[in-house]
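Novice: Here is what each chain is made of, one letter per residue.
2 protein chains.
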Amino acid sequence: MWPKETINAGILIIGNEILSGQVQDVNLSFMATHLQEMGIRLKEARVVADVEDGIVTAVRALSSQMDYVFTTGGIGPTHDDITAACMAKAFDRPLVCSLEALRRLYERYPSPRAPEALTRMTVMPAGATLIDNTVSAAPGFQIENVYVMAGIPAIMQAMFKNLMPTLRKGPRLHSREVVGAVVEGVIAQGLEDLDKAYPHVEIGSYPYWISETNHGVRIVIKGTNENEVTRVENAVTDLMDRYRAL
Amino acid sequence: MWPKETINAGILIIGNEILSGQVQDVNLSFMATHLQEMGIRLKEARVVADVEDGIVTAVRALSSQMDYVFTTGGIGPTHDDITAACMAKAFDRPLVCSLEALRRLYERYPSPRAPEALTRMTVMPAGATLIDNTVSAAPGFQIENVYVMAGIPAIMQAMFKNLMPTLRKGPRLHSREVVGAVVEGVIAQGLEDLDKAYPHVEIGSYPYWISETNHGVRIVIKGTNENEVTRVENAVTDLMDRYRAL
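One line per chain: the protein sequences are Y and F, in this order.
Numbering of the first sequence is given in the numbering used here, commencing with residue 1 and proceeding in unit increments.
Numbering of the second sequence is given in the numbering used here, commencing with residue 1 and proceeding in unit increments.
Where hints are given, some of them may not hold.
[As the list claims (entries may be wrong)] Stretch-level coverage of chain F by chain Y, calculated; a stretch enters the list once three of its residues show a Cβ under 8 Å from a Cβ in chain Y:
(1) 31-38
(2) 41-54
(3) 195-205
Hint data in this document are derived by calculation from the structure and do not stem from the laboratory.
Predicted, not measured: the structure shown is a model, and the values here were computed from it.
The beta-carbon is built from N, C-alpha and C at its ideal position, and this holds for glycine as well.
Could you put the whole structure together from the sequences, leaning on the hints where they help?
Specialist: What follows is the structure, given as structure tokens:
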């Protein structure tokens, strides 16, 4: 489906709260949707704990394989916020205080009650570029091809929207859906034939199961060539109609 | 927080639909919650596409690092269901037809409309053990330390509940929460002091931000020693009260 010059992205979600089930992650699906709109392929996502080794290993692996890496979580002022230090370690850079981040924080909180804790959010790897935080001022940052953002969804989303215009865009992806109360196995052969006939179109088959009497399948068709996508969509609709009628 | 003999687990979520943002994953948080209850540490989760290389690499990496690996997705009857083949490749085993899986499927669907597609769900690595599927009969399977399950949440949850009694359990984890409309930075030093004083208790600080006038922090305290957890909980409550009063 993706052409040769595809722009690949990885996501790294940092936080014990996701791995303990305390918090349902919503950042992945938010970014996934926007990356898809920009024609950027999200190739892999990882969720790791607030532990240095795990973060450093994962960010190095993703950074070397992807064009862009987006991380969320661990950039606040408390002892368990270790993302900035891990990024410095992963890219072998010293940690510095960003004077611009400091200026922004003091502009927003002129007489902070915990000035030292506030400064923790200005410490980042040397050479990092700030990512604007229009919600609570404390910026994210970019280091090499890695974009380091907050974990709080409202703040992460604001940061991501700010950096979206700066990302390279891929070819526009056309996406169609055909849903029907058809048993997946019945149309499997037809789908496989279509999959072979249209190698540049991705055909995903996602069964749903609500109850014994209410289940079926959702077929998602995607590609950069709109004509091909439309042809596959029509063929899948015919396939569904044929077996629904039985 | 976790003692030396900790049981570690990894999760591998397989599916283009999650990486494209089409589907919000809910399997991770379901398993995360239950693993925590069983005293098993979920150390890392990965989300990969329906692509052989990515699946094989990820499952090998997780299988070698963890005691248990749980995968979801890609075991249906269509062309994009390649998980079983990838597991065979990852563990260098031939693919066979599980006669017991075949028996179960025919028992449930005595005159299948697409018998060939049905048999796809019986193909698995040699030596695999079946995981019961009480919802739609097609079983998952276990191969070495990897448990391969369906992606549909209702089916995955039924499979996971069936295999839970067979897993080793870790020490019971005690977990407490203290929530307050306090700026995170203000209690950062107090939290850090507690974190140092109680090295076996994990103190997580999770800020929330609903609006400019409604934000605060949720502190999650966890450990296997209930007395220590209670002491930290009381100290955090005092800390919150002190700063809330200001």
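Novice: All hints are to be evaluated individually against the structure, with a verdict given for each.
Specialist: Cross-check of the supplied hints:
Counting residues of the region 31-38 of chain F whose beta-carbon sits less than 8 Å from any beta-carbon of chain Y gives 6, enough to reach three: the coverage restraint holds. Interface restraint, the region 41-54 of chain F with chain Y: holds (10 residues with C-beta to C-beta distance below 8 Å; minimum three). For the region 195-205 of chain F, the stated coverage by chain Y is satisfied: 5 residues place a CB nearer than 8 Å to a CB of that chain, which reaches the threshold of 3.
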